[in-house]
Amino acid sequence: MTAAWAVFAKELTDALRDRRALAIALAMALLSGPVVFALVSNLVSGIEERVQKREIVLAAQERAPTLVNFLQRAGATVVAAPADWAEQLRSGRLQNAVVVPPEDFEAKLARGETVTVEVAFDESHDRAQPLVSAALRTLQAFNRELGTQRLLARGVSPRVLAAIEVDERNLAAAQARGARLLFIVPWAALIVAIVGALAVAIDVSAGERERGSLEPLLMNPVPAWAIVLGKWAVVMLYSVAIVLLTLAGFLVSIRLITSETLAALMQLGARELWLFCAVLIPFAALMAAVNMLAATFGRTHKEAQTYVSYIAMAAQFSAVVPIFLTVRDTTWQLLVPSVAQLTVLMKALRGEPLSVFDLLLPAAVCATGLLACLYAQARLLTRESIVFSRG
Amino acid sequence: MIEVVQIAKSFESGAGRRRVRVPAVVDVSFTAPDGAITALLGPNGAGKTTTLRILATLMRPEAGQARIGGIDVTHDPQAVRAATGVLSDARGLYVRLTARENIVYYARLRGVPSAVAARRIGELAELLDMSALLDRRVDGFSTGERMKVALARALIHDPHHLILDEPTNGLDVMSTRALRRLLLQLRDAGKCLLFSTHIMQEVEALCDEIVIVAHGRSVARGSAAALRAQSGCATLEDAFVSLALAAPHAEHA
Numbered sequence: 001m002t003a004a005w006a007v008f009a010k011e012l013t014d015a016l017r018d019r020r021a022l023a024i025a026l027a028m029a030l031l032s033g034p035v036v037f038a039l040v041s042n043l044v045s046g047i048e049e050r051v052q053k054r055e056i057v058l059a060a061q062e063r064a065p066t067l068v069n070f071l072q073r074a075g076a077t078v079v080a081a082p083a084d085w086a087e088q089l090r091s092g093r094l095q096n097a098v099v100v101p102p103e104d105f106e107a108k109l110a111r112g113e114t115v116t117v118e119v120a121f122d123e124s125h126d127r128a129q130p131l132v133s134a135a136l137r138t139l140q141a142f143n144r145e146l147g148t149q150r151l152l153a154r155g156v157s158p159r160v161l162a163a164i165e166v167d168e169r170n171l172a173a174a175q176a177r178g179a180r181l182l183f184i185v186p187w188a189a190l191i192v193a194i195v196g197a198l199a200v201a202i203d204v205s206a207g208e209r210e211r212g213s214l215e216p217l218l219m220n221p222v223p224a225w226a227i228v229l230g231k232w233a234v235v236m237l238y239s240v241a242i243v244l245l246t247l248a249g250f251l252v253s254i255r256l257i258t259s260e261t262l263a264a265l266m267q268l269g270a271r272e273l274w275l276f277c278a279v280l281i282p283f284a285a286l287m288a289a290v291n292m293l294a295a296t297f298g299r300t301h302k303e304a305q306t307y308v309s310y311i312a313m314a315a316q317f318s319a320v321v322p323i324f325l326t327v328r329d330t331t332w333q334l335l336v337p338s339v340a341q342l343t344v345l346m347k348a349l350r351g352e353p354l355s356v357f358d359l360l361l362p363a364a365v366c367a368t369g370l371l372a373c374l375y376a377q378a379r380l381l382t383r384e385s386i387v388f389s390r391g
Numbered sequence: 001m002i003e004v005v006q007i008a009k010s011f012e013s014g015a016g017r018r019r020v021r022v023p024a025v026v027d028v029s030f031t032a033p034d035g036a037i038t039a040l041l042g043p044n045g046a047g048k049t050t051t052l053r054i055l056a057t058l059m060r061p062e063a064g065q066a067r068i069g070g071i072d073v074t075h076d077p078q079a080v081r082a083a084t085g086v087l088s089d090a091r092g093l094y095v096r097l098t099a100r101e102n103i104v105y106y107a108r109l110r111g112v113p114s115a116v117a118a119r120r121i122g123e124l125a126e127l128l129d130m131s132a133l134l135d136r137r138v139d140g141f142s143t144g145e146r147m148k149v150a151l152a153r154a155l156i157h158d159p160h161h162l163i164l165d166e167p168t169n170g171l172d173v174m175s176t177r178a179l180r181r182l183l184l185q186l187r188d189a190g191k192c193l194l195f196s197t198h199i200m201q202e203v204e205a206l207c208d209e210i211v212i213v214a215h216g217r218s219v220a221r222g223s224a225a226a227l228r229a230q231s232g233c234a235t236l237e238d239a240f241v242s243l244a245l246a247a248p249h250a251e252h253a
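Protein chains in written order, with this note's numbering: chain A, 1 to 391; chain B, 1 to 253.
Treat the hints as calculated values from the structure; they're not laboratory data. Possibly wrong hints are sitting among the right ones.
Claimed, not checked - Example chain B residues on the side facing chain A (calculated, C-beta under 10 Å, incomplete):
no., residue
1, Gly85
2, Arg110
3, Met174
Quick caveat: nothing in here was measured; it's all calculated off a predicted structure. The beta carbon of each residue, even a glycine, is placed where N, CA and C say it ideally should be.
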């Protein structure tokens, strides 16, 4: 244990003197909070504003004074569509749906014929969705008003047409509405936990091989596990420190970016930050061991970087898999590291209750994986092909 | 005392179907007594470094035995490591640490009390003429300066056995002389020193016992004078060439 402590003290000094790695890690931790929150808040607040303003974009509004009149009575703002609206829709500069009445709009209306009104939008722009449905709803209201008037004129009760009445009840909790975008917040924290201490993990493993310092190190009368343990402790500590800094950045950012929409969508207070810590620290500890193990196969920093980048990619992509699944929060998701962390953190952000199981199961998986990695690495350090092949 | 009895070691080379086993050490035997400097003299690729790595407990021999201070290197590697100092082929130092920190790290790993370590670092720095280097970061050190730090690191626990792999590689005259002075001093203190080299002058100037290694076999041993007599040559270099060439080639499997 004395030896593990000696390794820990030396590697910590060494890591803290690596100014370049330290600068990159700090920049990542301090910037990710503000950037993520600025993005999310910009995304949600823009849409909310426009839906509330109830802007209806009309092309050739002179063709349909009746419709304009209805819209104004209904409290919507009528905006004339720009000349190149089709182009603007495709490029995403224009997000609202564009309502295009035909030339014979008024004439057909007067004759009591059905008029076809075109509503143009670009579905590929995710943010346009609420604006499009707002436009469609408004047109339907116009349709209903005219239809009702015609029925009344013929002496028929409008109720004849209302065989059923639809009452929409959205079961998503208030915080769950924006949840599709919110995965970015825990995802950013997760990425920091995965790659935050990469430089250190590579330096203590592949770095030793590249410098030719592994061979003399292993000639000391010290068991390999003590060396591995000391090194892992430093990588883990570094990683946890960066995760905590990132969370502190989140906290500051959410105070600075005051968006009511954002506050309604997402719960991020003291309780959630504690949950973030409880979920991310075991994960950071696991990733420290995984990255170190993978990097040990590299004879040089460069080679090690290739190996760890596969792992970082796999962890980042697998984390977002549950977002595309239809059934949420099943048990298997808690068994897969990175998927589990994102799932639990999303639950926390949505303000859903978390069970002890939600926290303990992923942590237990992390601890098991971590021990397996440390054991594998200690075995690796006794392999001649690892000790004696240098870059 | 270091005893090596008929050790053998081979490596895999190539990949897939063209993978072959290349013998590195076929049959090496020698004894390095206490209070003496023993040299493994041989051309590049003769198996010197592999032999030293087996003695340093980082490689397992496929056949034969190696003992340091009576302890078999495969039975109790930790005890062997504790009693041995090795200046390996890889001199790797930590460039962000100072020379002193590099040495103190090994002292701590070997359980040397810090007061003792501090005193020994002072003594070794004096002997190796490196006192001015101690508190500078290793980044930017010359080959000779690095060797001195690595050697001080290998000697920090005052080992009874010292194994050095081509210690004078890349050293200038002054550093070589400092190294020789230290090795002679250690010998006179009764230590057991073993080093590998391919440089004749060094062997003549320093060694009590020479083991000539060629093609993975130890082909001759004795003092410089004895080897000259055995081969009937006037110089050690000629003796070496005739003895090394006479050795049977290792069969490539």
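Checked hints:
1. Annotation: interface hint on B:Gly85 holds; nearest CB of chain A at approximately 9 Å, less than 10 Å.
2. The interface hint given for B:Arg110 holds, since its Cβ lies 6 Å from the closest Cβ of chain A, which is under the 10 Å cut-off.
3. Because the closest C-beta pair between B:Met174 and chain A is about 24 Å apart, greater than 10 Å, the hint is violated.
Hint compliance for this structure: hint 3 alone is broken.
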